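Given chain A's structure and the hints, the job is docking chain B onto it.
2 protein chains.
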Amino acid sequence: MPLTTQILNRLFNVTLPKNSTPKIVIIGAGFGGLFAAKGLRRTDAEVTIIDQQNHHLFQPLLYQVATAGLSPSDIAWPIRNILKKHHNTKVLLDTVTGINTQDSEVLLGDKTVPYDYLIIATGAKHTYFGNNNWEKHAPGLKSIDDATNIRRQILMAFEQAEMCDDENERKRFLTFTVVGAGPTGVELAGTIAELARRTVAEDFRHIDSRSARVLLLEGGPRVLPSFPEKLSRYAKYALNDLGVEVLLEHSVTDCNERGVVVAGEEIPSATILWAAGVQASAAGRWLDCKTDKAGRVIVSPDLSLKEHMNIFVIGDTALVTDSAGVPVPGIAPAAKQQGRYVAKLISNRITGDVDSKAFRYKDYGNLATIGRKSAVIDMPGLRMKGFLAWIIWVLVHIYFLIGVRAPLAVATKWAWQYLTFGRGARLITGKK
Amino acid sequence: MPLTTQILNRLFNVTLPKNSTPKIVIIGAGFGGLFAAKGLRRTDAEVTIIDQQNHHLFQPLLYQVATAGLSPSDIAWPIRNILKKHHNTKVLLDTVTGINTQDSEVLLGDKTVPYDYLIIATGAKHTYFGNNNWEKHAPGLKSIDDATNIRRQILMAFEQAEMCDDENERKRFLTFTVVGAGPTGVELAGTIAELARRTVAEDFRHIDSRSARVLLLEGGPRVLPSFPEKLSRYAKYALNDLGVEVLLEHSVTDCNERGVVVAGEEIPSATILWAAGVQASAAGRWLDCKTDKAGRVIVSPDLSLKEHMNIFVIGDTALVTDSAGVPVPGIAPAAKQQGRYVAKLISNRITGDVDSKAFRYKDYGNLATIGRKSAVIDMPGLRMKGFLAWIIWVLVHIYFLIGVRAPLAVATKWAWQYLTFGRGARLITGKK
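Residue numbers (my numbering), protein chains in the order written: chain A, 2 to 433; chain B, 2 to 433.
Just chain A, with the same shape it has in the complex (with noise of 0.2 Å):
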């Protein structure tokens, strides 16, 4: 055993086993955990990554594959096809139970996985604010089969409407409500606005679906509150431009199956979606440990835990707050900085350089798109809207996926959509 590796035991109470290649066990496939498995590529351990979906997940696409615009398979590759030639590292397809601190074993029912090194990387999903009862109205979007779902609801209320006799229930079926205006709410709003405006609209012969009604309720003053408030208030013109309408500080008090009570009033709706609230993943509960309102696990400057210097937690399942004590943004860069810099101090720790820099978040920007022709851009020193930042959203995810997988596909796919108005993935599948 290095030297290092005695320091740190007896430093930290950490037990490594002896005369063996230490063992990182990641949960999670996200950007967060991938990243982090990219990094440790050259480094001399076994490396097991463990997720519940046999994909990774280009999550910032997902509403085209829940507004029919790509298809699953456009934005989620094999994980084990990913990292093929990472000899050193081992895909498991299981559900994590909990986490074993005492004896270093991650649970997986009734198995077990030892680990020297703990990554946890299991984002976040919606939550409902305590109205669990709401999610069979208001469907969230976190999964390619939450997608699948939800694009058949959508097309579904189409065809029902174009099957209904009755003028009330077909107005139902045509009025589309969103609720949270962050940027997925803001993105499936101006997508189905579009897809009822455009694509669709040659398509029945009884009803008009350009008379559809797209609402985006928000509870805040302004939609996209993350980004500067120029850029909010001309996002809603943008949306109000697409035939969306927004309603800004009105919560939602309840779901059901005739549609949503927004400040006491009923508003018939046959396809909620729910983009409000973001909850994290069951970490904090597993590790037993300290975390916010959110759920989100508080980690050292290091990432690491207090309590257990070889159990980081990264992305949307960790409080992780920037130089200036303002927290990290729960977005893919963050989540892909984190995962390359825990590989980093892994690897460090493994050869035997103890000293850890703190994490430091570097921030690109931030981007949402309203519909096919306008964008938000809010980056360091370069504030855009409109055509041209549209552009560059399409590029910058273009680039990003090459970062996973051939684009050349999606790119095509884009293009001929952009001219044709046509959604290529319009099927309605599965079990309703």
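One thing to keep in mind: the hints can contain errors.
Which copy is meant is left open, so a pair is good if it fits within one copy or across any two.
Said to hold, decoys possible - Below are the EDC-like pairs computed for lysine to aspartate or glutamate, each with C-alpha atoms no more than 16 Å apart in a straight line:
id, residue 1, residue 2
1, K172, D209
2, K137, E308
3, K363, D379
4, K91, E160
5, K307, E250
The set of hints was computed from the structure by calculation and includes no laboratory data. As the structure is a computational prediction, the values presented were derived from the model and not from experiment.
Same frame as chain A, now just chain B:
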């Protein structure tokens, strides 16, 4: 009412509503139904096409979705979208429950759709020869949902083998059995063998996916029985070359959760795919008319029913014989020709031309592919096998796809796969 219509009415007891546009109802939007609708585009009639799915499916490539080569949206397109320029045509997404020939109405649960002319093109489904309990162990391949379920099952078998500690269980997970050596069975077995031998070969750490056993069971004496014997022999040789074990004259006597029983011997196999028997849809029962053993409706030379000259049955649902008395095969080109023929015949009748020439099947031949590098072609005047046949197979399919949608994206995807041996749609989605 034109004189001819009156004569028609008297002659055949067909009641057309007075002074109104004739109503044509098409059940099923497969190749037969879709090409009937296309043929009726300029006919002065109200056309309604009813399907249980919102999409037309290019079934000849469905095995590619089941084996993770293509995405559902590469081979399926919304019926509404294909027919959006047909201003005389309405698309109904609904399930037919029966036909009231007395009142000339199609029944959709408690709704009815009246018709003056009816075209039934409801296709076929797989049959288990009375052993319907085999279905849950040995799914067949007819719909997009079938294909994504089979895809999940195949990919999960590798995952389960990777996680499995028991030698026998691991073997069971790595045994893939295809029942029936018609074109679909041959295509499935060949592609699964390639998936195991090449595509996922580098993905796993505990198992060697190349050791997977792919079995093709056929009750008859040769593979591809509808092809000339010489091509059957070649196909068997080519399958062996890909690593498929072909067992001829091996009839399945049981399928259960452990595996398949053949000639008294149980072969443990976690994945069993059914490509053996085909049974026509329920149309014969709806119409209460004469069918053959496979449930196909026996039609007149003009594809109508003897008892109801305004009802036509086409495609896999009908037993049609060519001039030599040989049944027309249940393949896409035959269904398309019948759809076009019936559309023309009905158009003629509406404009007063009651003469109808009998349907004549034009045989363009038969193709089947065996993996990525060989195919067999049996065309009038041309028999081919091997790589060049495969190139022709690809070109023919791209040509036929053009009839429905621009195939550029699909062609790109194929080329990419061919060069890289990657299969792009390797996603495990949906519930188990």
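(message) For a quick check of understanding: which of the numbered hints are violated here, in increasing order?
(response) 2, 5
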